[in-house]
Amino acid sequence: MYSTGIIKTVWRGPPAFRSLEALKVPEIVNMVMSFLESDGDLFNSSLVCKTWSPVALNNLWRSLTSVVPLFMLLGEMGVHDWDRSSLFFTDAILAANWTQFERYSRKVRRIANEHCTQDVEPGALIQVINNRPASIPYIFPRLTEIEWIEDPHRPNSRLLHLVPLMSPTLTSFDLTIDGEDSRSVTGARVVLRHLALLPGLKLQHLRTNWLDSSKWLTAAVCEVLRCQSESLQSFAYQVFDLDEPLLQSVSRLPNLVDLQLKFSGVGHHTSEEFHDFNETLAAHCTSLEEIRFCVTFGPRDFGFYCFRPLTKLEGLKKICLECPDMELLEKDIVLMGEGWRSLVKLELPQSWIPLSWFVTIAEHFPPTLQEIYVEITVDEDLDSECAIPKPFTDLKRISCLRIATPQALPTIGTIMKRLVTPGTTVECAMWMLQPLQKLTANSVKWKGVWEAERNLRSPSLESMSV
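According to this note's numbering, the sequence shown is numbered sequentially starting from 652.
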């Protein structure tokens, strides 16, 4: 018996074309577009096809520098001749435009005004609030992050504009107050009171270069800490007195992971008082993974003893102690290494340590250590062939090595070559330009020790891979 049939062959194209099928998967397209930094590139991507359009628009609207793009969906906006940085509505808001407004407002997750050039007038904001329909209870219903720079000398840094933009979904608030202006402090106090009412704030950073502003804001910050004590995971602030109620609240946050404190004007306190504060902190904030302390003027006899209780934090991964007045001993390095067994990054800026201590760091710190940021001096009697019982294994970067004399370069090169593995990046800040010019020449060798392509980052910074 014979049978006949038709065999259909479908040509699917060469393998190169078939691989493009992956770009129809929204998750992959979203991953690709996360690397696009230009709004213009994201806008052009939204015009490619129906698959790309929603993904590109979500990324385009995810972060805004102001509410101007969103408010323009409601109607025509214009500027005054005497102030071209603030926009207002030229006509009444049409009811039909609220549908499009709601669709795009739900895409916004972050507001950061650092690169803002235009904002809306207060009257335009009031107009939106008074005319929005009941179906839009919040202007940004899914907003999670705010990064705001308040500068009275900059246009469009109106802090009070943030209050109607907040929603219960907000989890991160980062405020920087530049300049001396009582209006900025007043606005910050109002904003902080609203932050205290949010259900799940996880990050609150408040930085200011005006000393009095922190004093005036302390009460409002304490209210936030009291109301958000269970959810707050990251906190940054400037402290003027160890006896402040604020520090008592901070040292008892049970879920705190990241803590950044700048201590100013606390030189009248004793080392014991610093030690007691850190003792309380280590006892209650056991979840801490990152600490950054800056002490501009420390107490008398200021040493690592003040921070010794922090070595009980076994889960600490990053530590930065910027303390110009702190006296550091080699035994303190040993205590750090034996206490912080999960440490990934060690920063000791403005604390000069001898080059020989790198051998101690390599011997006592855990293999998890990947970055070191210190300032060094070179031991006059250091032998470049000294014993190194335990070199680094996974170290990726050593930054800010300050060299006192160019004669020390060969010694540093020999020690580092023996301490680290190939591929480790070493950044050296040089004091003298002449040796730097010699080192940046092509194919330069440090007496056969280091040979690498050197990236000159600044007139005083040399980076190379060992």
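What the hints contain is simulated information worked out from the structure, not anything from laboratory work.
Since the model is a prediction, treat every value here as computed from it, not as a measurement.
For every residue, glycine included, the Cβ atom is placed at its ideal position computed from N, Cα and C.
Where hints are given, some of them may not hold.
Claimed, not checked - Pairwise CB distance ranges (calculated):
1) P1000 <-> K1041: 37 to 45 Å
2) P677 <-> L848: 34 to 42 Å
3) E1078 <-> E765: 48 to 56 Å
4) L687 <-> P788: 49 to 57 Å
5) R834 <-> I1039: 56 to 64 Å
6) F694 <-> L848: 34 to 42 Å
7) D976 <-> N748: 56 to 64 Å
8) L687 <-> A747: 27 to 35 Å
9) R943 <-> N781: 40 to 48 Å
10) A1038 <-> S993: 26 to 34 Å
11) G1074 <-> A1038: 37 to 45 Å
12) P1018 <-> N748: 57 to 65 Å
13) Q1001 <-> E765: 21 to 29 Å
As the list claims (entries may be wrong) - Computed list of lysine-lysine pairs in DSSO-like fashion (alpha-carbon distance at most 27 Å, straight line):
14) K853 <-> K866
15) K982 <-> K963
16) K968 <-> K866
17) K866 <-> K913
18) K963 <-> K996
19) K982 <-> K866
20) K853 <-> K969
21) K969 <-> K996
22) K853 <-> K982
To see whether the hints hold, each was checked on the structure:
Between P1000 and K1041 the beta carbons are some 25 Å apart, a value that contradicts the proposed interval 37 to 45 Å. In this structure the supplied range 34 to 42 Å holds for P677 paired with L848, their Cβ-Cβ distance being about 36 Å. Hint check: E1078 to E765, Cβ distance near 27 Å, so the stated range 48 to 56 Å is violated. Evaluation of the 49 to 57 Å hint for L687 and P788 yields a failure: the beta carbon distance comes to about 32 Å.
Between R834 and I1039 the Cβ separation comes to about 59 Å, which falls inside the hinted range of 56 to 64 Å. At about 36 Å, the CB distance of F694 to L848 agrees with the hint of 34 to 42 Å. In this structure, D976 and N748 meet the distance hint of 56 to 64 Å, their C-beta atoms being roughly 60 Å apart. Under the hint 27 to 35 Å, the C-beta atoms of L687 and A747, about 32 Å apart, fit the expected range.
The given range of 40 to 48 Å is respected by R943 and N781, whose C-beta atoms sit roughly 43 Å from each other. Distance hint check for A1038 and S993: the Cβ-Cβ separation is about 28 Å, which falls inside the suggested range of 26 to 34 Å. Under the hint 37 to 45 Å, the C-beta atoms of G1074 and A1038, about 24 Å apart, miss the expected range. At roughly 59 Å, the beta-carbon separation of P1018 and N748 lies within the given 57 to 65 Å, and the hint holds.
Separated by about 27 Å at the C-beta atoms, Q1001 and E765 satisfy the suggested range of 21 to 29 Å. Annotation: proposed proximity of K853 to K866 holds, straight-line Cα distance about 23 Å (limit 27 Å). With a C-alpha separation of about 16 Å, the suggested pair K982 and K963 falls inside the 27 Å cut-off, and the hint holds. Pair hint K968 plus K866 does not hold up; C-alpha atoms about 31 Å apart against a cutoff of 27 Å.
Using a Cα cut-off of 27 Å, the hinted pair K866 and K913 holds, with the two alpha carbons roughly 13 Å apart. Distance restraint check for K963 and K996: the Cα-Cα separation of roughly 17 Å lies within the 27 Å cut-off, and the hinted pair is therefore satisfied. Distance hint between K982 and K866 is unfulfilled; the C-alpha atoms sit about 37 Å from each other, more than 27 Å. Distance check on the hinted pair: K853 and K969 sit about 19 Å apart at the alpha-carbon level, within 27 Å; holds.
Restraint check for K969 and K996: satisfied, since their Cα atoms lie roughly 5 Å apart, inside the 27 Å limit. For the hint linking K853 to K982, the alpha-carbon distance of about 36 Å lies beyond 27 Å, and the restraint is violated.
In this structure, the earlier hints numbered 1, 3, 4, 11, 16, 19 and 22 are contradicted, and the remaining ones agree with it.
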